[in-house]
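When we follow my numbering, the leftmost residue of the sequence shown carries the number 1020, and every step to the right adds one.
Take these hints with a grain of salt, some might be off.
Unchecked claim - Calculated lysine-lysine pairs in the DSS-like style (CA-CA distance at most 25 Å, straight line): (1) K1021 - K1218; (2) K1094 - K1021; (3) K1146 - K1087; (4) K1218 - K1231; (5) K1146 - K1324; (6) K1146 - K1218; (7) K1146 - K1094.
No lab work stands behind these hints: they were computed from the structure.
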Amino acid sequence: MKTLLVTGGAGFIGGNYVLRSLAQDPDLRIINLDALTYAGNLDTLAPLSGDERHVFVHGDIGDAALVKELMTRYKPGAVVNFAAESHVDRSIDGPADFVQTNVVGTLNVLQCSLDLWRTLPGGGQSKFRFLHVSTDEVYGSLGATGLFRETTPYAPNSPYAASKASSDHLVRAFHHTYGLPTLTTNCSNNYGPYQFPEKLIPLMVLNALELKPLPVYGDGQQVRDWLYVLDHVDAINTVLGSGQPGEVYNVGGNSERTNMQVVQAICDAVDQRRPDGAFGSRRQLVEHVSDRPGHDRRYAIDCSKLMNHLGWRPSVDFEAGLQQTVDWYLENPRWVRRVLDGSYQRERLGLGSDA
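Please model the complete structure; the sequences and the hints are all you need to start from.
Have a look at this one:
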């Protein structure tokens, strides 16, 4: 049985990765390490209850003794590192947490992986992989034209992006300095089921459903490339299985949309499913609010390297993926209630400590 150590596997992308990978491969075992912060949710993993191929461990990637013990006990053939603080607005309010998890935590997992790798026989060393999941935000902001490529210089503009850029550089350094067979993926904006409602799409779906204001930063013309989360999962497994150690692969959905276009599409989808004749179109709920400090204007990914070299393609276009996502949130109110029973109640974040 193949064994993976997955960090952050109770979060949005990590949880989808664990569920889909175990469903697709009956010979796979996943050791799932997650600290269960606000964005980690065991309800996401409920379908795996009683499945011996899923071993959940509650813990922090910065805990060197714990990570080393998991490496020694399970001897994973690969590590997939999702664990991260990931919301730009939260990084504006509290950057130190992002450095601690994204930089120091990743360094610890790298060091423990290196220690394990050095003990493996030659065949085990050649097959071992450390795959680091990162973001297109490390590249900074684009103008009206152009695409981020793997060779684009890093220019992070938020504390979140800076912390992810730092972790990317550490992954690169561990490959070039120590020979650890690493892989890095830099993805565009993900959306889909199980996403914590502080992010744009689930926040707007839930607010639209309840006829609450839909806050749009600035003029709403910021552009993002949207990637359906299960397409991202498939891309990660493609890179894990066929990627060249030491290489970076960009992952995108080829679906550029302005934030306003996304919000309006959500309004129309919720109107179609839950019409309110007395209220009318939910588009009138849109409220323009002050822009995010340092808000990047446009991101867009060139993922031709991944497509041409490894044969991956996004299979879900944005319109179909958004419809599926809206349906999922409307059909899973219990999951939504459970993730919102803590401190976050859909208030605005990221105004800065002096706001």
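Taking only the CA atoms, is the gap from K1146 to K1087 under or equal to 25 Å? The given pair, whose Cα atoms are some 20 Å apart, holds under the 25 Å limit.
Between K1218 and K1231, is the straight-line Cα distance small enough, at 25 Å or below? holds (16 Å)
Taken at face value, is the distance from the CA of K1021 to the CA of K1094 at most 25 Å? Holds: K1094 and K1021 sit about 10 Å apart, inside 25 Å.
Given the hint that K1146 pairs with K1094, does the C-alpha gap stay at or below 25 Å? Between K1146 and K1094 the Cα gap is close to 13 Å, so the pair holds against 25 Å.
Straight-line Cα separation of K1146 and K1218 no greater than 25 Å? violated (36 Å)
Need the status of pair K1021, K1218: alpha-carbon distance at most 25 Å? It is violated: about 34 Å lies between the C-alpha atoms, which goes past 25 Å.
Holds or violated: K1146 with K1324, Cα cutoff 25 Å? Given pair K1146, K1324 holds - Cα atoms ~22 Å apart, limit 25 Å.
Hint violations for this structure: numbers 1 and 6, all remaining hints satisfied.
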